[in-house]
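Number of protein chains: 2
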Amino acid sequence: MVPPPRTDRPWTYARSGVDRSQVSSALAVLLDQVTYRPPPSAGRLVDAPGHYAGLLRIGRETIAVTTDTVGTKTKLAAELGRWEEVGEDIVGVNVNDLASVGARTAGLVDTILCPRPDPEAFRGIGKGLNRGLRLARCSLLGGETAVVPEIVDGIDLGATAFGFFPRGRRPVLGASIRPGDRVLGIPSSGVHANGLTLVRRLLRERSVDLLRPRVGGDRPIGEEILTPTRIYSVVGDVLADSPATHGLAHLSGGGVRNLVRLHPKVGFVLDRWPEAPSLFRWLQQLGGLSDEEMFQTFNMGIGFVLVVGPARLAETRRRLARAGAPDAMEIGHVERGSGVSVPAYGLSFEGYS
Amino acid sequence: MVPPPRTDRPWTYARSGVDRSQVSSALAVLLDQVTYRPPPSAGRLVDAPGHYAGLLRIGRETIAVTTDTVGTKTKLAAELGRWEEVGEDIVGVNVNDLASVGARTAGLVDTILCPRPDPEAFRGIGKGLNRGLRLARCSLLGGETAVVPEIVDGIDLGATAFGFFPRGRRPVLGASIRPGDRVLGIPSSGVHANGLTLVRRLLRERSVDLLRPRVGGDRPIGEEILTPTRIYSVVGDVLADSPATHGLAHLSGGGVRNLVRLHPKVGFVLDRWPEAPSLFRWLQQLGGLSDEEMFQTFNMGIGFVLVVGPARLAETRRRLARAGAPDAMEIGHVERGSGVSVPAYGLSFEGYS
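So the sequence lines, in the order shown, correspond to chains A and B.
For the first sequence, the working numbering gives the first residue as 1, with consecutive numbering after it.
For the second sequence, the working numbering gives the first residue as 1, with consecutive numbering after it.
It is worth saying that the hints were derived from the structure and are not from the lab.
One thing to keep in mind: the hints can contain errors.
[Claimed, not checked] Here are a few chain A residues that face chain B, going by a calculated C-beta distance under 10 Å: (1) V23; (2) L27; (3) P38; (4) L45; (5) T66; (6) D110; (7) L141; (8) D153; (9) R167; (10) R200; (11) E275; (12) A276; (13) P277; (14) W282.
Where is the CB? At the ideal position from N, CA and C, for every residue including glycine.
Make the full structure from the sequences, and use the hints.
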């Protein structure tokens with residue numbers, strides 16, 4: 001049993017220490033300085049501004065590259081002494097972004113920052129990493145282990161993944177999305193690796209015992225939250241070959257706002273959003289979080305989205321089932337307009353951040 | 001003026017907190033778990049064990065990938081409030097590794113971990129990053145900015161870089177190195193981004209004022225140490241096309257030991273090693289470091305090495321001069337045997353770590 005929820009002062013992701021708009025402005029300052037564009041002999045950039053992956057034409061191939069860390073989920077792993085889950089997350093958080101541009105995952109390099117090499121943690125990380133690589137059909141191509149006790153308190157895990165486009169396939173960037181398209185969602189396995197700074201703050205503030213199940217939960221809450229990110233890359237790879245697949249999106253940090261990245265000039269109306277899994281409702285109550293904050297911080301039960309032409313809906317669902325996502329469901333449609341709305345909650349979002 | 005050197009108890013890299021053999025064993029535990037090999041449809045791994053970059057054959061191209069961080073050099077950047085140098089290092093530490101397999105640099109993604117977004121630091125990092133990208137002829141393909149105050153104290157900077165092999169070129173992995181080959185070295189710009197935990201420890205222990213020049217120095221010592229890693233990637237790219245180029249090596253962490261990575265069954269005899277720049281001798285005195293420790297921790301004045309057939313030595317030097325390295329010099333040769341020796345210092349090293 002956990003203590004009864006309190007809603008005295010609503011929590012937000014920003015209040016927990018992560019202000020996405022401040023990050024965006026600092027990053028804009030950095031990117032303003034990066035004006036250099038190399039000669040074509042060093043590869044040609046494929047324009048995909050704001051998208052999930054960078055694209056570079058090298059010789060006769062286009063490679064997609066993405067990079068991400070597991071964030072503060074490693075703090076929870078350390079508290080519980082369980083490292084397999086975040087080892088697997090290293091893969092998931094990256095390859096799902098590759099799937100969002102329709103790339104087939106090829107390889108990954110990991111980065112581990114630690115205050116000292118801890119063989120037991122490294123064993124767990126390796127085991128989870130291997131599981132993730134198998135689920136994503138991905139090679140480990142190298143990595144960096146930096147022992148930097150002056151920089152890190154605990155372990156930081158990150159990776160860079162890259163993929164390619166099998167012959168005949170082009171990047172799926174959302175340009176062909178049009179009003180009338182249907183939006184399909186594939187369930188998540190939990191909070192994945194997003195919003196963990198907020199989640200951990202709430203657990204601590206409310207003195208939640210990580211080793212006991214929450215109300216309505218069937219596993220210790222710490223373990224439930226640690227569940228690895230579901231890996232959608234094989235599903236994405238299969239669907240990316242169909243001309244009916246107009247857009248693909250990984251709902252990571254930013255939640256449903258991520259859809260705005262696919263097409264700025266259509267409106268995504270998520271009017272069939274399924275009831276959020278009880279974990280999310282429990283977290284919402286725990287912190288007195290608004291629906292808006294929940295939908296722009298967490299995946300709220302849907303981790304990956306496909307936008308397809310309406311005539312191919314049934315066929316797409318059959319292909320999804322065969323590719324490992326029989327639980328995909330229709331969650332909305334595309335209209336004229338802009339932004340993302342979730343009518344049942346009275347929410348609308350205009351930008352990605 | 002700095003305080004007089006003391007040599008009471010010799011310093012080592014391990015004593016400063018970085019024990020390379022402990023890191024290797026923990027990493028071995030992790031890698032033991034990673035047994036999965038994907039199907040060929042996800043790209044074919046090119047075998048280059050222990051080398052500087054991972055190689056993957058994708059469609060009709062071979063992609064080289066490498067990842068590294070700037071390490072604790074960011075701590076010095078923070079103390080001095082100077083971020084351009086380490087921004088440039090993000091590029092150097094990675095693209096020099098790509099050059100070591102003969103790849104042409106194509107693109108890079110960066111990772112910034114910080115306790116809070118700091119626009120002034122980000123501006124400096126962006127400026128240095130841009131300079132590095134220009135020197136390496138490299139595109140910025142994306143990046144990750146993680147605000148993780150619970151994980152980092154200060155800023156961590158890392159990146160992953162990608163390269164490829166222009167048509168007709170094969171990876172240069174050292175297999176063609178043979179006794180009689182000549183070893184050429186290109187000078188470094190300073191300590192680059194290696195051994196900084198030790199350097200900073202020595203500076204602190206000896207109460208060195210970072211804002212004043214050392215004996216024999218012409219700039220404040222903090223600034224001198226912060227000098228960005230020299231970027232060798234364009235030089236490496238030019239030389240990699242010649243069949244006379246048998247091996248290439250970036251002397252980063254591990255110093256001259258890095259040569260062992262090129263070929264386990266020849267001996268690299270560095271009998272023409274130039275006098276180490278006075279910065280290294282000053283650091284050695286400061287910590288009472290042994291020659292062995294110096295040569296396996298720092299680059300000792302040579303940051304990049306080429307192994308070439310003896311008949312093509314003069315031609316290679318002309319090409320090096322045209323490619324931006326007129327300061328390249330002969331530093332040794334290859335014999336039957338194994339390992340790396342520096343006879344003037346009575347040193348021999350058998351393995352990489």
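Taking the hints in turn, this is what the structure says about them:
no. : hint : result
1   : V23  : holds (5 Å)
2   : L27  : holds (5 Å)
3   : P38  : holds (5 Å)
4   : L45  : holds (5 Å)
5   : T66  : holds (6 Å)
6   : D110 : holds (8 Å)
7   : L141 : holds (3 Å)
8   : D153 : holds (6 Å)
9   : R167 : holds (7 Å)
10  : R200 : holds (8 Å)
11  : E275 : violated (31 Å)
12  : A276 : violated (26 Å)
13  : P277 : violated (26 Å)
14  : W282 : violated (23 Å)
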